[in-house]
Amino acid sequence: MWAYATRRVLGAIPTLFIIITMTFFLMHVAPGGPFDAQRHLPPEIEHNIRAAYNLDKPVWQQYAIYLGRLAHGDLGPSYKNHDFTVTELIAVGLPVSARLGLSAILLAIFIGIGLGTVAALNQNKLTDYGVMGIAMIGITIPTFVTGPILTLFLGIYGLHLFGYDFFLPAGGWNGGALANMILPVTVLALPQIAVIARLVRGSMVEVLRSNYVRTARAKGLPSHIVVLRHALRAALLPVVSYLGPAIAGLLTGSLIVETIFGIPGIGRYFVEGAINRDYTLVMGVVICYAAFVIFLNLVADILYAVLDPRVRYSQ
Amino acid sequence: MPSTPKTASGRIFEIRDLDVRFDTQDGEVHAVKNIDFDISESECVGVVGESGSGKSQLFLATLGLLTANGKAAGSVKYRGQELLGLPDKRLNQVRGSKITMIFQDPLTSLTPHMTIGAQVMEALRTHQHVAYAEAERRCLEILDLVRIPEAKSRMRQYPYELSGGMRQRVMIAMATVCAPDLLIADEPTTALDVTVQAQILEIMRDLKKELKTAIVLISHDMGVIAGIADRVQVMRHGKIVESGKADDIFYAPRHDYTKALLDAMPRIDRPVRAGHAALRPLSTMDAEHKLLDVDDLKVYFPVRVDGFLLPRTKPLRAVDGVSFTLRQGETLGIVGESGCGKSTLARAVMRLIDKTDGTVVWRGRDLSGMQGADLQRLRKDLQIVFQDPLASLDPRMTIGQSIAEPLVSLKPELSAQEVREEVRNMMNRVGLDPNWLNRYPHEFSGGQNQRVGIARAMIVKPKLIVCDEAVSALDVSIQSQIVDLILNLQSEFGMSMIFISHDLSVVRQVAHRVMVLYLGRIVELADRNSIYEDPRHPYTKALISAVPLPDPKAERGKAHKALLGDLPSPLDSRAQLSFLKSKLIDDPDAEQYRPKLIEVATGHYVAEYDPQ
Amino acid sequence: MSAPGLANRNTVTLERALDIKGRSLWTDARRRLIQNKAAVASIVLLSLIALLAIFVPFFWPYSYAAIDYGAIGCAPDWWPDWNVPCHAGGWHVFGMDQNGRDLFIRVLYGARISLSVGLVATLVSLFIGVSYGAIAGFVGGTLDALMMRFVDVLYSLPYIFLVIVLMVVFNQNFFLLFVAIGAVEWLTMARIVRGQTLSIKQKEYIEAARAAGVGTLATIRRHVIPNVLGPVVVYVTLTIPTIILAESFLSFLGLGIQPPMTSWGVLIKDGADQMETAPWMLIFPALFMGVTLFCFNFIGDGLRDALDPKDR
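Chains as they are written, first to last, in our numbering: chain A, 1 to 315; chain B, 1 to 612; chain C, 1 to 312.
Simulated from the structure, these hints should not be mistaken for lab results. Ideal Cβ positions, reconstructed from N, Cα and C, are used throughout, including at glycine. Some clues are possibly wrong.
Unchecked claim - The list that follows gives simulated cross-link-like pairs (lysine-lysine, DSS-like), each with its CA atoms no further than 30 Å apart:
1. B/298 <-> C/203
2. B/411 <-> C/201
3. B/463 <-> C/203
4. C/37 <-> A/125
5. C/203 <-> B/411
6. A/125 <-> B/71
7. B/581 <-> B/558
8. B/89 <-> A/125
9. C/201 <-> B/461
10. B/463 <-> C/201
11. C/37 <-> B/461
12. C/201 <-> B/380
13. B/298 <-> B/596
14. B/596 <-> B/583
Said to hold, decoys possible - Far from chain C, some chain B residues (derived; all Cβ distances over 12 Å):
15. 148
16. 202
17. 569
The shape of chain A in the complex, shown without the other chains:
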């Protein structure tokens, strides 16, 4: 078991390395540099600025310098926000994005599994069709549609319930207050809830048809024990496999959600950095994201091995 985990961790390091390299060279291959959009500077000043940022050296050398700095945890200065280093920017934005993302994935997992199980237990009845219909909507309508629409109805028009008017804040982070988090987390989680619900329903239906569930029933076990102790664990395996792509999906979604709701997370930095050719910022964010994804994939693999004893031994 530990051997398996160690092997996976060791295998992840080259992956991270490749990602860093690829992104670096991709950014540098691009025509144009970070200072092109600014006012036309006299050649000597431009030359000095480029030297200060090491941009006049050959690409390979820049790469080596970058790696060296990286080993010390220094992600370099931000080219656009001259007063900050990338590390500082990320340190501010990362906790925000992390809170958003983590809440969303937890919400997605719990609601998704719940809905999927309910649908599977009522297979081909109205509840099943209802849940799957909602799931279909969640998958097909993009976040940048649901975001504005929900904001419109819950934030601007508001709900009139029990004689009170409920408004949710239409934007802003407000230091992570609960009211401000509800809308962005929900919008971010929706597509994943839908996918997970579908996955769980499909796999639960199959597991409920399996031979060992039949044995459990033949043993005279009450229904809820059959589902919770025997069926659920096996039915959850595809969800664990899906966690990796789910995280990737959430990261993509966070770009939109942070933009729409004006949340100061690192997703916004990424988009701005890409457009402004802020090399170091983009690099920093990509490395951050990649490290997260790799780490979470690792956690998912280990979780899979915990849930399914067969995997531990057959590697």
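Given chain A's structure and the hints, the job is docking chains B and C onto it.
What follows is chains B and C alone, placed relative to chain A:
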């Protein structure tokens, strides 16, 4: 035990007018048609039938275990209490404690992520309020009863860590831990090797004696039923066609179907069947003509075994030094249980897989170096019929195309018209209507698809055909027809055959000589009569003794010489010396002594063994 | 000649025994698909949208870039009078956008772009993915291990990020858009094809073909590819909506199609901005995109059920 109500005649289970239907995509399937059935206390009833007879669905319905698209009607009474239509909560008081069921495939029937100890204890603690410590004790007791060695450590293992025989024992333990009145066993030994099957049947016989449980044994194998049943019911197409005492059914069957079934069943003590095709004896000219000469063939597979960071590989000795010859027109039967290497051997001979060492000489030419055109010519001489008729046919090709395929690649000079002629002729020969050329495999039954497989193998008129468990997946009556077909084809075309099977009864009917394999090595090689009348090696003896005879008196009188324990792992080098422990070095990785083959009589070879 | 074992099938199948022509798996699948009402309705609806998108622009009185300064931000004539600034006259059935362009024709042009990006990018990913997966699966061994390691590495990338970087770097080249998005999906396609190839490779009929003397290339052509097609087709119909979503996502960020040409993503972004004053600008493109995505999903599900029914 508290006194439970029962009817005056001792009947505990009464089924009246049971009718089961399924709603499928192809329409309604009427699986069980108005059946009446009774079971009395402590009696064992055998239910015999082929696939589609409804024998399993009948009992699944009584316990409310039908799939969602199934509907049951009628009455099922357990000690006067109606079970059909009972809500789950009430039904759960009966099933699992008073009436229990075990299933065919123990691997998929046990929950993979729970330890076996947990699963057995769960069965106990759901129905009886016992403290944890007491439950554990009783669990160990029952595991001992079903002869699981080292029960205490086994309890913490997962199903996939156990062998097939062990798993089935766990299922039996789970089903008997609450001392049920009735145990329903649905094909419990079908997926197991012969020697393991014998062990399981013995356990069931003992349980019947000690716990006085009534047993319903469902099987397609009448031999299995003969050894344990008091009464027998024969089912066909959802109806009971005959029922009665075991002796009556086996010695004086009345219904035509029962007679046909008994006649079709291969019997190890009766190789020549009246009214069926007979094995064509070898002519003296054939006996001189040696076609195949295999010398010290070895096939090893490297298997990754878990090291800490870097996995190591150990060789899996699938075939470990096998030598034999085959003459023209002769059939060699290769017999053994799973993992003995019989299929690997055949494929290595046919060059479908690569050998590790040894020589194979076909008609005077060494096969190893053959490439290209030579190999193509070879393929014309060597053909193979596979075990699973449906899996060996490409579902997207018509059966005509499948049969024509070898002809098209190996005899490209033929025109399309000629090819079609040949295909139609061959279809006739094997008993298929030539007009079915354009049909697809999924439209046919297993038996018909196997005829397609045989036609495909025969169409290039090969000199040697390998039948790899060719009849094992078929129903008994179909099996009988296919065996007849194979024997007839051999009489007509005179080809040699290698007939691989785990079923000794069938092998005895079709082979001139029989070779018994154990973990990749020959333990005995003799002609068909000597091997059964004068077996020498203890493994051969155990194998023969384990085969159930459809003859109740013979079965009851048998001194069961069952092998103890499971088939050992082929990765453990000590395993091959199970019968020659005197020369054993106790290290799983050591290079062990190789038992020699001794000729005890003309043409009768036996591997060395310790006297028993 | 007896045919026991057919006993379980009902009389209809027995009557078919008299037919000469066989019933292939594709025929069975087609029959099951036609019985799936949702899938059939989706095919019809999708064809309708495609036909509208292809033909209507030829005779529609307004072009997608033409500006009518007198009708900026006007609602369609039939829109109820809830605080609308004006009503556009003429054939403006969906109203006007905030720049004074006809919304209906822009939605249809959006359909053209989104659907063609979906199709072309899917073809790109299909081509790369199928070749990659089939080779890795069939050749096996070290080559397979290497190829799949490469896929695993790329898979752990939040790939869309690289696409964004690409789009920025190459200045929103329209052609590159197709290729870049297609390159996102080929990974999953390769994995699926490889998985299928691996499972087919182990089937007995492949071994039978070898015993029959069929060469490697012929085996792939005759046995592997027809049996791999099923899941690939299903996945293709489910890839197209993913790609349309990816494209609209890029457009939303301003990295996709450039004005005045439009796609549904751009229209939805503009519509979201004007949501309070001109809700029709959001509703119609969102509706069209939503319906299209729904249809593809239903067709994909229907194909999956048709090609691989559970009871077989």
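Okay, the hints, checked on the actual structure:
no.: 1; hint: B/298 <-> C/203; result: holds (25 Å)
no.: 2; hint: B/411 <-> C/201; result: holds (25 Å)
no.: 3; hint: B/463 <-> C/203; result: holds (26 Å)
no.: 4; hint: C/37 <-> A/125; result: holds (17 Å)
no.: 5; hint: C/203 <-> B/411; result: holds (25 Å)
no.: 6; hint: A/125 <-> B/71; result: holds (18 Å)
no.: 7; hint: B/581 <-> B/558; result: holds (27 Å)
no.: 8; hint: B/89 <-> A/125; result: holds (22 Å)
no.: 9; hint: C/201 <-> B/461; result: holds (27 Å)
no.: 10; hint: B/463 <-> C/201; result: holds (28 Å)
no.: 11; hint: C/37 <-> B/461; result: violated (51 Å)
no.: 12; hint: C/201 <-> B/380; result: holds (23 Å)
no.: 13; hint: B/298 <-> B/596; result: holds (16 Å)
no.: 14; hint: B/596 <-> B/583; result: holds (12 Å)
no.: 15; hint: 148; result: holds (33 Å)
no.: 16; hint: 202; result: holds (33 Å)
no.: 17; hint: 569; result: holds (23 Å)
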